[in-house]
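S.K.: Take a look at the letters that make up each chain.
Number of protein chains: 2
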Amino acid sequence: MRKVKTLGLLGTGVIGGGWAARALHFGIDVIAADVKPEMEAWMRGAVANAEPALARLTSAPLPPKGRLSFTTNLREMAEKADFIQENIPEQLELKQRLLGEVSRHAAADVIIASSTSGLMPSDLQRDMTAPERFCVAHPFNPVYLLPLVEVVGGAKTTQTTIDAASDFLRYIGMHPLHVRREVPGHLTDRLQEALWREILHMVNDGVATTGELDDAIIYGPGLRWAAMGTNLIYHLAGGESGMRHMLAQFGPCLKWPWTKLEAPELTETLIDRMVEGTQAEARGRSIRELERLRDDYLVAIQQVLRQYDIGAGSTLRALEERLYRDSDAQTPAADLDAPGPLRLIDTTVRPEWVDYNSHMTDYRYLHVAGEAQDALYRLVGIDDAYRRSGRMFYDVESHVAYLREAKAGEPVYMTTQVLDVDDKRLRVFHRLHRRSDDALLSHCEQMHLHVDTAAAKAAPIEAGVRARLERLRKAHAALAVPAAAGRGIGSARA
Amino acid sequence: MRKVKTLGLLGTGVIGGGWAARALHFGIDVIAADVKPEMEAWMRGAVANAEPALARLTSAPLPPKGRLSFTTNLREMAEKADFIQENIPEQLELKQRLLGEVSRHAAADVIIASSTSGLMPSDLQRDMTAPERFCVAHPFNPVYLLPLVEVVGGAKTTQTTIDAASDFLRYIGMHPLHVRREVPGHLTDRLQEALWREILHMVNDGVATTGELDDAIIYGPGLRWAAMGTNLIYHLAGGESGMRHMLAQFGPCLKWPWTKLEAPELTETLIDRMVEGTQAEARGRSIRELERLRDDYLVAIQQVLRQYDIGAGSTLRALEERLYRDSDAQTPAADLDAPGPLRLIDTTVRPEWVDYNSHMTDYRYLHVAGEAQDALYRLVGIDDAYRRSGRMFYDVESHVAYLREAKAGEPVYMTTQVLDVDDKRLRVFHRLHRRSDDALLSHCEQMHLHVDTAAAKAAPIEAGVRARLERLRKAHAALAVPAAAGRGIGSARA
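Residue numbers (my numbering), protein chains in the order written: chain A, 2 to 495; chain B, 2 to 495.
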């Protein structure tokens, strides 16, 4: 099969637009064919809409973007393309006719693939010239971001075609899943369709709304499914004996009306296949090890969703607001006059904070300092209401020194010493310590400037906040000024 | 209903252990009852295993942890608890008998809830004293991390019970989903069960392995389901006219054998309910707006999974390795002698990099500097092989100054100037610029120390790397030394 420089698209729409955006981003030229000339503008719009997200997918160096061209002439597309992807409506006869036509214009070493959600490749390749170079390559919306693509061969498809198509799909960042047997709906859509039809039944029966049924997934199983499928997840739920225990415990439920779909008989053969399959998936990892991996990604995903205030991330936000409220209500005012420094952050080094050395990445030290700084602000009365009133401290300088490594999972704490306060400025010194032996891991000097956010310029600190900061400064004045404070790079290591 | 200070658990196991870990973490005492005394040690182990992940869920201030006690005496538990959660096997008669017994020992203002996956609350409350304080509270494994809990009342349950149970569940960080109608399997397990039975059919029919079927979800739909359910996702796939278009386009597929589950008739009433439901979910947000939100979280989740090298994250890693290989193969050697500074990073400010001001958070400036530093290392020949040989540069000091704000989505680039190189040390100066007008947003001076990672001490830079760094230093020597270089906090703003 030939090297792919130009991807030909037969049909446009949401799926065609997604293919175009993905291919162009990774340096492949695209020629899109559609009988409707107005689809050119639509297509360019779809590519432009995809770009902001695609641009953030990776910061690895990219080749120059591919060029997009458009034609209403199917033959022109077929002659110029090195790989053709069909994305027309799910009508068997229509697909057969157009795939046949394209195959007569495209050279025999050009792969022709169909985006069909569930039609059978053997049916689709029926009227083609050189049908051995045809396969299904079924992507998922948004095609430019989701890696999954099901690759399915028909009766006449060669292994060379499957391999070459998979190589190209990997080149543009996808995960080709070879579906070894033709079935209507392939694999993914059979699973999605079962869930979807059960939804339709429940809405039809008046049991729940679409929103309740979506919530039933996104706050629970959906979080797990981002990285582990039902089978591996159930293997974990079965405790030490995994899937076999799970099937023994929940096997009887298969006879209960927990869905309108009847289950197959749970024969010994089926049990063995489920157990062998999940053991292969575990790749020698223990249940405990897999549980840790699952827990790690569940925590990390919820923290990502928290930033977008969506689904489980909104739940986490609401919880944190409650925890801060409760904590603020209990913070004794006397704390401000304690000899200091303040110990505002007790945490552990998160697995996603470490780099290839399994040590905490440099910018995460500053991340923890930011959490200490936020806690300091809450302590002196800077809350959401204060920020909404258009006043805020901005960090204007940070000087971090890394003294010792912090390892994933290590308990650490941060102390904060107030060095200086004036009308508009606050200078602090944070120290990160290991909890086990109090060893100093890092220190960070910071200058913060109080601003009027609407005017975007420096402005005096509110009197009450200023007074509380002043109490802290006085209480901390008895502490030694850190040797590193005020020093430049190369002379600031304590 | 009374304020919950002590949670009583009836039955232990994976679900009971998960409830205990969650409640204790958020400051609730737990008394667990199980007839088998050996379950005490098991329970304490389960709580300990949950702790590392739970500890990382939030850095918000937590109350002191709750205390865990254990008894084999069901009555003792029922008398001490303020809220009782039952987690025994899914056998109706057994649950009825023990729930009845517990209800006779617990005061009438103590809520009793069942973790049942799918039994009906009206059946479960049949033999209880004060059955109005009973409800189902169905959690998901791992209970200590997943927020979803289905709350279902039976015929005798009062709204007060539903409300009070939901309040407590929210207090311990969960998302109570009120299931308004009793059906076997509630909502979530009906959806999961449909998918699960379709899996069993496919394994039974020899179509695919459990691993292939798990992959069919985690690289595609599973990523979407972490924050948007099937209904909202299909609403987005329908283009500007949303769910109505989607049903018109894919309605015919409901008659096709894409799963063994038969769909209900797609009547006008059902279509209207689906459309109204998804419109309510959209809450006035346009398709384009929801697409952006979906794209943002899909990118962010893949980046999190990349750190764990799992699922779509592994695909992203493989793609990046290929991109770096291709880029390295094309980097002309002459670059090292160009007048400089180097422009190594061109990127956009990612939505997850901004804080409540929608400006880039301070530690993310250092994050981008780290990416520039990594690119510099690749340029001078420090690759994975070099690191595996036990040599590496460590960042020992960073001094960042924030001059102007960077907004989400803003295109930016970073330049890197090599200031000094000696046997073991490398000093660089990074500058972050806005792409639109080249305005300087931030600068960052850094000192890096070359180390022997096994010995954990400073060691000479490898000769070839040193020579390439030296060429860069010479080429950059003609540039002005930045005014801020070497200065301390308060005097380093350029």
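Hints may contain errors.
[What the hints assert, rightly or not] Dumping the calculated DSBU-like pairs for lysine-lysine here, alpha-carbon to alpha-carbon at most 30 Å:
no.	chain 1	residue 1	chain 2	residue 2
1	A	K157	B	K408
2	A	K408	B	K256
3	B	K256	A	K256
4	A	K66	B	K408
5	B	K261	A	K425
Derived from the structure by calculation, the hints contain no laboratory data.
S.K.: Determine for every hint whether it applies to the structure shown.
M.R.: Hints versus structure:
no. : hint              : verdict
1   : K157(A) / K408(B) : 53 Å, violated
2   : K408(A) / K256(B) : 56 Å, violated
3   : K256(B) / K256(A) : 25 Å, holds
4   : K66(A) / K408(B)  : 25 Å, holds
5   : K261(B) / K425(A) : 69 Å, violated
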